[in-house]
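K.L.:
Protein chains in written order, with UniProt numbering: chain A, 1 to 211; chain X, 1 to 432; chain U, 1 to 137; chain S, 1 to 398.
Rather than coming from a laboratory, the hints here were simulated on the basis of the structure.
Check each hint, because a few of them may be wrong.
Unchecked claim - Taking lysine-lysine pairs in the DSS-like style, the calculated list, with each CA pair at most 30 Å apart, reads:
| hint | chain 1 | residue 1 | chain 2 | residue 2 |
| --- | --- | --- | --- | --- |
| 1 | S | Lys222 | S | Lys325 |
| 2 | U | Lys97 | S | Lys351 |
| 3 | U | Lys45 | X | Lys312 |
| 4 | S | Lys321 | S | Lys292 |
| 5 | U | Lys87 | A | Lys42 |
| 6 | X | Lys215 | S | Lys358 |
| 7 | U | Lys114 | A | Lys46 |
| 8 | S | Lys387 | U | Lys68 |
| 9 | S | Lys351 | S | Lys325 |
| 10 | X | Lys312 | X | Lys233 |
| 11 | S | Lys351 | U | Lys87 |
| 12 | A | Lys155 | A | Lys174 |
| 13 | U | Lys108 | X | Lys284 |
| 14 | U | Lys82 | S | Lys351 |
| 15 | U | Lys82 | S | Lys322 |
| 16 | X | Lys215 | A | Lys201 |
| 17 | U | Lys45 | S | Lys387 |
| 18 | S | Lys277 | U | Lys50 |
| 19 | S | Lys292 | U | Lys87 |
All values reported here derive from a predicted model rather than from experimental measurement.
For reference, the chains in residue letters:
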Amino acid sequence: METRQVLRPLGSLKHTTPSSAVTPVFRSVASRRHQSTTSRTKKALKLPPHPDFLTPQSGQNHVIFNPPAAAPSVYHTPFKFLPKSDPRRQANLSQLLRSSSDLHTSSRSTELPPPMSKLEMRERKYNVTKEQVEEMRQLRAADPATWSVLKLAEKFNCRPYFVMICCKASPEHKEMENKRLEDIKSRWGTIRTKAREERQKRKELLLRGAL
Amino acid sequence: MKRIRIGQLSRQWLATTPARSPTTTTATTTASRVSILLLLSRPAPAPTALHAQIRCQSTTTAITPEAIFDEPESKESKEPPEESASSHQANSPLPSPHPDKALRSAKLASLHARLSLSSKIPLPTLARALVDPSADAHPYFNNANLAYVGASRLQYHTSEWLVTRYPRLPMDIIFAAMKSFAGEPALHRVARSWGVEAAGAPGEEVDPGYLQFAKDKPSVMMHKWGYARAEAKELVKYKWRRGMSSRVVFDDPFGNTIPPKKTNEVEVSDARNTKELLMEDAEKNAHANFVRAVIGAIYLHCGSDTTKTFVKSHILSRQLDLSNLFEFDLPERELTRLCDRENFDPPVARLLSETGRLSRTPVYVVGIYSGRDKLSEAAGANLLVAKRAAAINALKAWYLYSPGHVGLPSDTFAEDAAPWKPAYVDIGEIIS
Amino acid sequence: MTVRALERISVGQNGLGAFILQCKKMDIHYCDQSGSSRGMNAFIKSQLSKFASLHPQIEFAVSPRPRKHPVLIGHYINGKQKSICVKNMDSLQVLKKAELLRDASGEKTKRVNKPITSINESVRGVWSPYHGKGMPV
Amino acid sequence: MRRIPRLRRPSGLPSTTTNVSRTTIQIQCRHPSCQRQRPTVTTFSTTFSPPSLNRLYSSDRQQTPASSSAPAQEQIQELQPRVADEIISAETGESLDWADEGLTAAREGPYGAPPQRVEAARENDVADPSYLPATTAEGLRKVGGLADWWYRPDNWDVTGDFISFRPREKVVDPVLIEAAVRRAVVEALALREVGSDDELVAVWPMAMSKSDLLGLLNWDVKGTEDGRVTLGGDPSAVAEGLRWKDEDTSAGSDDLAETLTSEEVSALAETWHPSWKTISLTDPRIRFAVTKRVFQLTGQLVPDHQLPSTTTVQALLRVLKKPPKSATLNEEIQKRHPDLLELPNVTVAAKRVTRGDKEKALGRFKIMQEEFKKRDIPGLGHGYARKGKEVRRLKGGT
Numbered sequence: 001m002e003t004r005q006v007l008r009p010l011g012s013l014k015h016t017t018p019s020s021a022v023t024p025v026f027r028s029v030a031s032r033r034h035q036s037t038t039s040r041t042k043k044a045l046k047l048p049p050h051p052d053f054l055t056p057q058s059g060q061n062h063v064i065f066n067p068p069a070a071a072p073s074v075y076h077t078p079f080k081f082l083p084k085s086d087p088r089r090q091a092n093l094s095q096l097l098r099s100s101s102d103l104h105t106s107s108r109s110t111e112l113p114p115p116m117s118k119l120e121m122r123e124r125k126y127n128v129t130k131e132q133v134e135e136m137r138q139l140r141a142a143d144p145a146t147w148s149v150l151k152l153a154e155k156f157n158c159r160p161y162f163v164m165i166c167c168k169a170s171p172e173h174k175e176m177e178n179k180r181l182e183d184i185k186s187r188w189g190t191i192r193t194k195a196r197e198e199r200q201k202r203k204e205l206l207l208r209g210a211l
Numbered sequence: 001m002k003r004i005r006i007g008q009l010s011r012q013w014l015a016t017t018p019a020r021s022p023t024t025t026t027a028t029t030t031a032s033r034v035s036i037l038l039l040l041s042r043p044a045p046a047p048t049a050l051h052a053q054i055r056c057q058s059t060t061t062a063i064t065p066e067a068i069f070d071e072p073e074s075k076e077s078k079e080p081p082e083e084s085a086s087s088h089q090a091n092s093p094l095p096s097p098h099p100d101k102a103l104r105s106a107k108l109a110s111l112h113a114r115l116s117l118s119s120k121i122p123l124p125t126l127a128r129a130l131v132d133p134s135a136d137a138h139p140y141f142n143n144a145n146l147a148y149v150g151a152s153r154l155q156y157h158t159s160e161w162l163v164t165r166y167p168r169l170p171m172d173i174i175f176a177a178m179k180s181f182a183g184e185p186a187l188h189r190v191a192r193s194w195g196v197e198a199a200g201a202p203g204e205e206v207d208p209g210y211l212q213f214a215k216d217k218p219s220v221m222m223h224k225w226g227y228a229r230a231e232a233k234e235l236v237k238y239k240w241r242r243g244m245s246s247r248v249v250f251d252d253p254f255g256n257t258i259p260p261k262k263t264n265e266v267e268v269s270d271a272r273n274t275k276e277l278l279m280e281d282a283e284k285n286a287h288a289n290f291v292r293a294v295i296g297a298i299y300l301h302c303g304s305d306t307t308k309t310f311v312k313s314h315i316l317s318r319q320l321d322l323s324n325l326f327e328f329d330l331p332e333r334e335l336t337r338l339c340d341r342e343n344f345d346p347p348v349a350r351l352l353s354e355t356g357r358l359s360r361t362p363v364y365v366v367g368i369y370s371g372r373d374k375l376s377e378a379a380g381a382n383l384l385v386a387k388r389a390a391a392i393n394a395l396k397a398w399y400l401y402s403p404g405h406v407g408l409p410s411d412t413f414a415e416d417a418a419p420w421k422p423a424y425v426d427i428g429e430i431i432s
Numbered sequence: 001m002t003v004r005a006l007e008r009i010s011v012g013q014n015g016l017g018a019f020i021l022q023c024k025k026m027d028i029h030y031c032d033q034s035g036s037s038r039g040m041n042a043f044i045k046s047q048l049s050k051f052a053s054l055h056p057q058i059e060f061a062v063s064p065r066p067r068k069h070p071v072l073i074g075h076y077i078n079g080k081q082k083s084i085c086v087k088n089m090d091s092l093q094v095l096k097k098a099e100l101l102r103d104a105s106g107e108k109t110k111r112v113n114k115p116i117t118s119i120n121e122s123v124r125g126v127w128s129p130y131h132g133k134g135m136p137v
Numbered sequence: 001m002r003r004i005p006r007l008r009r010p011s012g013l014p015s016t017t018t019n020v021s022r023t024t025i026q027i028q029c030r031h032p033s034c035q036r037q038r039p040t041v042t043t044f045s046t047t048f049s050p051p052s053l054n055r056l057y058s059s060d061r062q063q064t065p066a067s068s069s070a071p072a073q074e075q076i077q078e079l080q081p082r083v084a085d086e087i088i089s090a091e092t093g094e095s096l097d098w099a100d101e102g103l104t105a106a107r108e109g110p111y112g113a114p115p116q117r118v119e120a121a122r123e124n125d126v127a128d129p130s131y132l133p134a135t136t137a138e139g140l141r142k143v144g145g146l147a148d149w150w151y152r153p154d155n156w157d158v159t160g161d162f163i164s165f166r167p168r169e170k171v172v173d174p175v176l177i178e179a180a181v182r183r184a185v186v187e188a189l190a191l192r193e194v195g196s197d198d199e200l201v202a203v204w205p206m207a208m209s210k211s212d213l214l215g216l217l218n219w220d221v222k223g224t225e226d227g228r229v230t231l232g233g234d235p236s237a238v239a240e241g242l243r244w245k246d247e248d249t250s251a252g253s254d255d256l257a258e259t260l261t262s263e264e265v266s267a268l269a270e271t272w273h274p275s276w277k278t279i280s281l282t283d284p285r286i287r288f289a290v291t292k293r294v295f296q297l298t299g300q301l302v303p304d305h306q307l308p309s310t311t312t313v314q315a316l317l318r319v320l321k322k323p324p325k326s327a328t329l330n331e332e333i334q335k336r337h338p339d340l341l342e343l344p345n346v347t348v349a350a351k352r353v354t355r356g357d358k359e360k361a362l363g364r365f366k367i368m369q370e371e372f373k374k375r376d377i378p379g380l381g382h383g384y385a386r387k388g389k390e391v392r393r394l395k396g397g398t
């Protein structure tokens, strides 16, 4: 991605040359024939080439790098992931220095997109001490019903996820929770259960990268 | 590879006959060398019209005839294995076509030319490569030995190419990639693409150009380099977990466990075939063994660099999208552990663009940034899915790093090879 | 948390790395008595040995098929067959038909609309609406 | 050299010249095929009489044997001469004296007639009182019968065989053909020299001793540019030789002399002056005489469409010496195109490759046989299954 940004300005310079190409004349829609066969579509799409592809008056040819807006391929390793010994890293370093220097000067001209959610930027507080963890576990073990995860998180001012990491509810409690969930699910109709199954399948597909 | 201790290995390689007969072998050096002698010194064939075929070949090994005949008459090889010293009338039909019939088979000659094999590889060797151990249990006339040699060369070239081309691949992915290039299903397709047809049933009258194997008879699974684990039985019974590093040491190049061996016989021998496990798919195994046998024959007759070009042009030229092999469990956590290990800035998911947030089908494009650098981006129906997809893409981008066309270790075998430039070796996958 | 692997099989493309001629066998049937097979007999006598030596990877099976028109049957690696009746043709026409069978692959003849048929991902990437700068409306 | 039978005149051919009288044909059959041993034929009555009709009725109607047999008898009498005339008129030979067999019974024409029907005595005619006619067939011995009489070769005499104008086997050896052509040319030109042109179209006897033949072949025949031909010997002797003679040449001496081995002829061929091949055959009578003679001597017929083009002896030789066209392409390939057979990727089959052959090559045939045996279906062929209805209907079956 990094390399694409850097080269982008080069590409855009080209567009400024006056595009003298004749804009394709559009026949009125009524008289246009259906593009029902390959040959007709090909004939309809036969547009004059973009000026970039015409050799300029100066005669020397040039490289056009104008990739479509596409999802970056996983085979193009980001610059940061390149190992130190990789030749591409050395080649790119000089350009990086030049671009990073003007970054500071132009007060962070390329603003980073906003974080996906506030959660992303939270600071980890690490404020729970060991004793508190012990206490949390006892409370949880003693009375899982009243001391739910959210209550404990509120009490110790930490993330519920952290509470779940620290203490495990007793099997009976888990058993009861599962039964409760089963009851809820049994009340679902076919549409909802199917939707939930689909969602589960989509999750697996996503993990396999097949979504 | 096979569970063969080094000591036993040399004996197996040297032994030209079933290992159980304690014979001293003088001239032959490798099991595959037998096939050279097999071909050079084949006596003039009895006219094929003669029903009784004499399939004997003279080997210079001083094999005492008694050692041969005291062997229990195994059901498969109806005719006792002959030696030049004792060629006697075998009235039962031969299990596979007579080796000299290969010289007259047009199908075989056309297959030989289709693979553009060099003329150094004689037709009887190719005919032998087409005979599966299930069709003819006699080790001199089936392709077990050739396939074994071929398998080791093939797996060497494939693994070497994979590891140097994609150094950061996790071990499981390397096993899967090895299987998809040099495994049975792939080699089955390669054999079919060469135009090899399977014979209906093995027999003497079959055209040597067909691949002969029997579905009901045991064949020889190419147990690649690997050892049967002590706890092999329990693994199968209780489905214990096998650690990844233990697979590297014990299992075969495709990560499969070697089934517990029944007897301590040599892997590829005449008597051994009777107890071999029945294939679940004999056809695929036969086709795969044929491809390995061809590679073995090339190595035997033309040397290692011809083998390398053959493997490169026929097997490694096949295309596989490695990014389809990955299946992640918790990609976000793995990515944070990665950045932590590489002491990059912790990954932050940033929303690049979105559309249709209030519509029925919103699309969020999330990019993952480590500090100021964007690692990857992905689109999803909701924020969490988009973030997970982006994390998966980032991990793939990390694992699928490739230093490009760097030199392979086997290049240095050539005389005029350039000095070896060390390839990039990665620290390894993120194991939490 | 480690990565698990999925089972995939690599895809081979004829001609990439190694080219395998698709026609693997050619049956040549002639008739001694019938007049329509005169050209085919001439082809067998004159052209076939040169043609067969040029293509060692094709197996030629010459056999009489009495009381039938002469025919060339090409067997292909994908298991299909193509047969051309060469009745009343002279040897050069038969040679042209044999070359036609040699060059054909087993697939049915299909119109090719796109100049390139490839299974590689496109190097430049395929445009997708969600990436890049977005469409200036 | 193949033995050319010295036939005085082909029997089947009505001789074209009127003056040749129908002299008796001295048949000295030298033909190897007819040198069969004659089994000693039992003497039997020579008169051919059709099977007598009097015993046609079953035995219970015997009481009127006299009446029924009498008319039958006249019938036979009256039948007999007509039949005999027919047969005799076809053949001109009268009773032939078989010099070597000493067969006393004279034959009626070229075949031996079956013996006269012998009837067993009637029950009441038998003198011995203890005779009891058999009522059932056991124990009786089958005697005689005319079942295969006409198929036994010894009942047929060689005289009946057809003596053809051309020899039985064709001469294929090119050297012999050349000798025959040279002999024909010399004879024709000799006749032309002697001036008896009408002899050219007659049938010439082939009888000629080996020495004369060698002498004839040694003539120094030269064809000059302007078409004149100089013969090396005196034509009148040859012309004389070509006339049918009546003397009875003894059989023994000639049959060995005839054989000319190809070595002798090829030795002779070198001595011939090459220009004899330029002798022109444009004159139709000469050309007809030569081709006729060559056909008589060697059996090689110049095809009609090539006759006009054979203007010189060389052309004639080229036409005659061409090897016979091979019947099947497979034969042709083996003879003329062996390189096709050496190619490793070519198999040439002599016969049609059937489904069975393909299954055998695939190894499936033996499995099919086992399956057939299990279902007790015959392994090969239809076995009990009748041919398809369509086939029977096509062939007009009900």
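K.L.:
Work down the list of hints and note, for each, if the structure agrees.
P.N.:
Hint check:
no.: 1; hint: S/Lys222 x S/Lys325; verdict: 33 Å, violated
no.: 2; hint: U/Lys97 x S/Lys351; verdict: 24 Å, holds
no.: 3; hint: U/Lys45 x X/Lys312; verdict: 41 Å, violated
no.: 4; hint: S/Lys321 x S/Lys292; verdict: 16 Å, holds
no.: 5; hint: U/Lys87 x A/Lys42; verdict: 41 Å, violated
no.: 6; hint: X/Lys215 x S/Lys358; verdict: 21 Å, holds
no.: 7; hint: U/Lys114 x A/Lys46; verdict: 15 Å, holds
no.: 8; hint: S/Lys387 x U/Lys68; verdict: 22 Å, holds
no.: 9; hint: S/Lys351 x S/Lys325; verdict: 19 Å, holds
no.: 10; hint: X/Lys312 x X/Lys233; verdict: 38 Å, violated
no.: 11; hint: S/Lys351 x U/Lys87; verdict: 20 Å, holds
no.: 12; hint: A/Lys155 x A/Lys174; verdict: 22 Å, holds
no.: 13; hint: U/Lys108 x X/Lys284; verdict: 27 Å, holds
no.: 14; hint: U/Lys82 x S/Lys351; verdict: 23 Å, holds
no.: 15; hint: U/Lys82 x S/Lys322; verdict: 40 Å, violated
no.: 16; hint: X/Lys215 x A/Lys201; verdict: 38 Å, violated
no.: 17; hint: U/Lys45 x S/Lys387; verdict: 39 Å, violated
no.: 18; hint: S/Lys277 x U/Lys50; verdict: 39 Å, violated
no.: 19; hint: S/Lys292 x U/Lys87; verdict: 40 Å, violated
Violation of the numbered hints given earlier is confined to hints 1, 3, 5, 10, 15, 16, 17, 18 and 19; the remaining hints are satisfied by the structure.
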